[in-house]
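Throughout the sequence shown, residue numbering follows full-length UniProt numbering, covering 1 to 258 in sequence.
Please keep in mind that the hints were generated in silico from the structure rather than gathered at the bench.
Hints may be right or wrong, so weigh each one.
Taking CB as the label site, the calculated pair distances span [claimed, not checked]:
#, residue 1, residue 2, range
1, Asp153, Asn74, 20 to 28 Å
2, Lys38, Ala128, 32 to 40 Å
3, Asp184, Val90, 34 to 42 Å
4, Glu107, Thr196, 16 to 24 Å
5, Glu107, Arg252, 27 to 35 Å
6, Thr62, Glu256, 44 to 52 Å
7, Glu114, Ile219, 16 to 24 Å
8, Ser222, Asp184, 18 to 26 Å
9, Gly113, Lys12, 15 to 23 Å
10, Thr196, Trp63, 50 to 58 Å
11, Ala29, Ser161, 35 to 43 Å
12, Ala29, Leu150, 23 to 31 Å
13, Ala177, Leu72, 40 to 48 Å
14, Trp207, Lys41, 39 to 47 Å
Each computed PhoX-like pair below joins lysine-lysine, with the alpha-carbon atoms no more than 25 Å apart [unchecked claim]:
#, residue 1, residue 2
15, Lys67, Lys91
16, Lys12, Lys133
17, Lys91, Lys42
18, Lys38, Lys67
19, Lys91, Lys45
Please read these numbers as outputs of a predicted model, since none were measured by experiment.
The beta-carbon is built from N, C-alpha and C at its ideal position, and this holds for glycine as well.
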Amino acid sequence: MSGFSTDGIVLKRIEYGDNDLIVTFFTTAMGRVSVIAKNAKKSVKRFAGALEPFSVMNLECTWPRRKNALPLLNAVDLSYPFAKIRTHTVKTGYACYWLELINSSIEEGKKQGELYELLFFVLQALDADTMDKEILSLLFQIRFMNLSGLCPDLTSCGTCSTPLDGMAQHRIIFDFAQGCLVCDRCAKGAVRHGITVTKGTLKQLSWINNTDLRRADRIRFSPCAVREGERLLESFIPCHLGREVNSLTFLRRIREAG
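Throw the hints in and build the complete structure from the sequences for me.
Structure, rendered in structure tokens:
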């Protein structure tokens, strides 16, 4: 049987039968791919606890003879366990949110190199505490939307194209239904389903969306800008996807408790 080898990040795992696991990876070579790990719950030697969410590894698989069957996971070589994420509840909440967005939004078998690089970057920074977890989440969400073709234009009015700096008001309406900014002139007489966001927050979000990832730690968000950014992105993404994001509910709960 032919097979493949690729680096990948564990997105999720589910039990299958008494001893097997179905593991979904986000890989460098094939995008999202699900494989079956035979006897994974019993085979300490073969997998050694590596098949945990957030873990990064090289995986070796073989294609099955039976049509439509999942590839068989033969071996893994763990590169980055990111164990510090799992020991911190809020960090776990953020990482689970990012993984769910990836898992539910990208096509099976479609290579997504830039998105893989983004996910690896934020997981590594979250594990190492090189950036604040809240800012990492803003960075991930805005760039995830951009790479997925969902990103709204945060630089001008979506109706009349007036640039952000040309709008007289300090707080700008973001309309969730239209997925764009709306200046005061265009908003008159219309009922809007959205929120208002300060110009400063919008500019910072645009900056982290467009700057090199390696320079992302240079920007400093005020506590107010972090809250505004969270409210905007965490409201817009589920609205645009058209469904609830379960891990986001969990994240909000533990964030409020902390």
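Would you list, in rising numerical order, the hints stated earlier that this structure does not obey? 1, 4, 15, 17, 19
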